[in-house]
Amino acid sequence: MQALPIITLETANELVNALQDYLDKSEASFALVIDRGGAILSQCGKIPDGADMTVLAALAAGSYAATRELATRVGETDFSALHQEGHHMQLLMSAVDDSVVLVTGFGAQTTLGLVRFYSARAVPQVAGIIEKARAAQRPAEPIFTSADVAAAFRR
Amino acid sequence: MAIVNYINKEIQFKVVYYGPALCGKTTNLIYIHGQVADTHKGELVSLATAADRTLFFDFLPLNAVVIKGFKTKFQLYTVPGQVMYNATRQLVLRSVDGIIFVADSQWDKMEENIESFKNLQDNLAKQGNNLDQIPYLLQYNKRDLPNIAPVHYLEYILNNRRVRVPSFEAAATTGRGVFASLNAISRMLLQKFAREHDTLTGKQPPAAAPAPARTALSGIAAATIRR
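Line by line, the protein sequences are chains A and B. Everything in the first sequence is counted per the numbering used here, starting at 1 for the first residue and increasing by one. Everything in the second sequence is counted per the numbering used here, starting at 1 for the first residue and increasing by one.
Please note: incorrect hints may appear among the correct ones.
In silico DSSO-like cross-links for lysine-lysine, where the CA-CA straight-line distance does not exceed 27 Å [as the list claims (entries may be wrong)]: (1) B/Lys68 - B/Lys9; (2) B/Lys71 - B/Lys126; (3) B/Lys9 - A/Lys46; (4) B/Lys71 - A/Lys46; (5) B/Lys41 - A/Lys132; (6) B/Lys9 - B/Lys71; (7) B/Lys192 - B/Lys68; (8) A/Lys132 - A/Lys25; (9) A/Lys132 - B/Lys71; (10) A/Lys46 - A/Lys25; (11) B/Lys68 - B/Lys41; (12) B/Lys118 - B/Lys71; (13) B/Lys118 - B/Lys41; (14) B/Lys41 - B/Lys9; (15) B/Lys41 - B/Lys192; (16) A/Lys132 - B/Lys9; (17) A/Lys46 - B/Lys41; (18) B/Lys192 - B/Lys9.
Rough simulated footprint, nothing fancy, chain A against chain B, three-plus residues with beta-carbon under 8 Å [stated by the list, open to error]: (19) 8-14; (20) 18-32; (21) 52-61; (22) 66-80; (23) 94-107; (24) 183-191.
By construction, these hints were calculated from the structure, which means they are not laboratory data. Remember, it's a predicted structure, so these values are computed and weren't measured experimentally. Glycine included, C-beta positions come from ideal geometry on N, C-alpha and C.
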């Protein structure tokens with residue numbers, strides 16, 4: 001499994017810019033970049049009222065992983081996207097690479113065709129940013145040390 | 001692997017509660033959810049069968065201690081314990097950072113405990129991982145029931161790897177041992193993260209801190225629990 005990147009300011013800005021461009025063109029409501037463990041790497045757009053993005057990401061990762069496994073077990077080796085159709089909101093989940101998924105939420109203001117068309121362009125763009133972030137230098141200073149952890153647990 | 005986000009100043013860890021069917025994994029999460037202040041927790045989501053057995057996973061996001069300005073977030077998952085859901089357990093284990101293995105202390109559950117522990121090791125191996133790399137601890141649950149095995153026996157059958165790990169007696173229905181276990185795994189994860197970061201940045205790690213006190217109200221609990 002590939003290591004996930006550290007989300008620096010530069011990576012975060014690049015991801016948000018890519019997602020915003022994707023949302024502008026596809027007219028989708030929101031987009032999330034998540035890892036397959038269910039953690040959010042980046043998010044953009046109008047989040048549905050009352051929705052907890054952390055929960056949504058965990059469920060999307062589970063749903064995507066389960067469907068991918070199902071596809072594998074019926075002999076499908078090329079599984080790259082999952083579409084969930086609802087009355088008010090639809091979700092499209094697209095594999096960015098082995099560890100990362102792009103989740104797009106959209107309503108009646110756009111169509112699946114348009115979202116799929118632009119997601120096919122957004123995915124390699126996001127993949128490039130993630131790949132660059134993986135290869136980037138680590139920060140020069142530690143975020144915290146073992147002594148800081150020990151101090152936090154003594155409070 | 002923990003995810004570091006410099007924009008939100010957050011570090012996220014994924015903790016999985018693993019163990020045989022009906023050992024109390026979901027009960028741990030329900031107790032934690034009931035005790036933690038709203039400001040420090042998200043929704044508890046359970047993907048369960050009609051009979052309230054875990055089908056896919058339970059999920060509870062927690063915001064815990066702030067260290068050097070970075071919020072630490074722990075995403076707690078359970079796996080379905082029933083044997084037939086092994087494919088699901090493998091999915092939930094993806095990107096796991098730490099594991100709490102919940103054992104059922106009752107005598108007649110010993111075989112299931114051992115099988116589940118082996119199953120955990122097998123599933124980690126399928127992902128190219130192992131218990132030498134992932135912080136884990138043992139929680140001996142249901143200590144409030146009659147007909148339970150003594151702790152030294154549970155240690156003998158479960159905590160017998162080259163390096164012994166922390167273990168905690170618990171009765172998750174009453175909350176006994178629940179936060180002690182969560183505290184310990186969160187501290188283990190943060191210490192591992194700090195050590196790895198020290199290595200990445202070429203800094204010399206400081207001397208190891210003393211072992212954590214087994215109190216239910218330090219660390220993650222002290223930071224999050226409802227007053």
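Hints, verified against the model:
| no. | hint | in the structure |
| --- | --- | --- |
| 1 | B/Lys68 - B/Lys9 | holds (10 Å) |
| 2 | B/Lys71 - B/Lys126 | violated (32 Å) |
| 3 | B/Lys9 - A/Lys46 | holds (22 Å) |
| 4 | B/Lys71 - A/Lys46 | holds (24 Å) |
| 5 | B/Lys41 - A/Lys132 | violated (33 Å) |
| 6 | B/Lys9 - B/Lys71 | holds (6 Å) |
| 7 | B/Lys192 - B/Lys68 | holds (16 Å) |
| 8 | A/Lys132 - A/Lys25 | holds (24 Å) |
| 9 | A/Lys132 - B/Lys71 | holds (25 Å) |
| 10 | A/Lys46 - A/Lys25 | holds (15 Å) |
| 11 | B/Lys68 - B/Lys41 | holds (21 Å) |
| 12 | B/Lys118 - B/Lys71 | violated (34 Å) |
| 13 | B/Lys118 - B/Lys41 | violated (32 Å) |
| 14 | B/Lys41 - B/Lys9 | holds (17 Å) |
| 15 | B/Lys41 - B/Lys192 | holds (24 Å) |
| 16 | A/Lys132 - B/Lys9 | holds (21 Å) |
| 17 | A/Lys46 - B/Lys41 | holds (22 Å) |
| 18 | B/Lys192 - B/Lys9 | holds (18 Å) |
| 19 | 8-14 | holds (count 3) |
| 20 | 18-32 | violated (count 0) |
| 21 | 52-61 | holds (count 4) |
| 22 | 66-80 | holds (count 6) |
| 23 | 94-107 | holds (count 3) |
| 24 | 183-191 | holds (count 4) |
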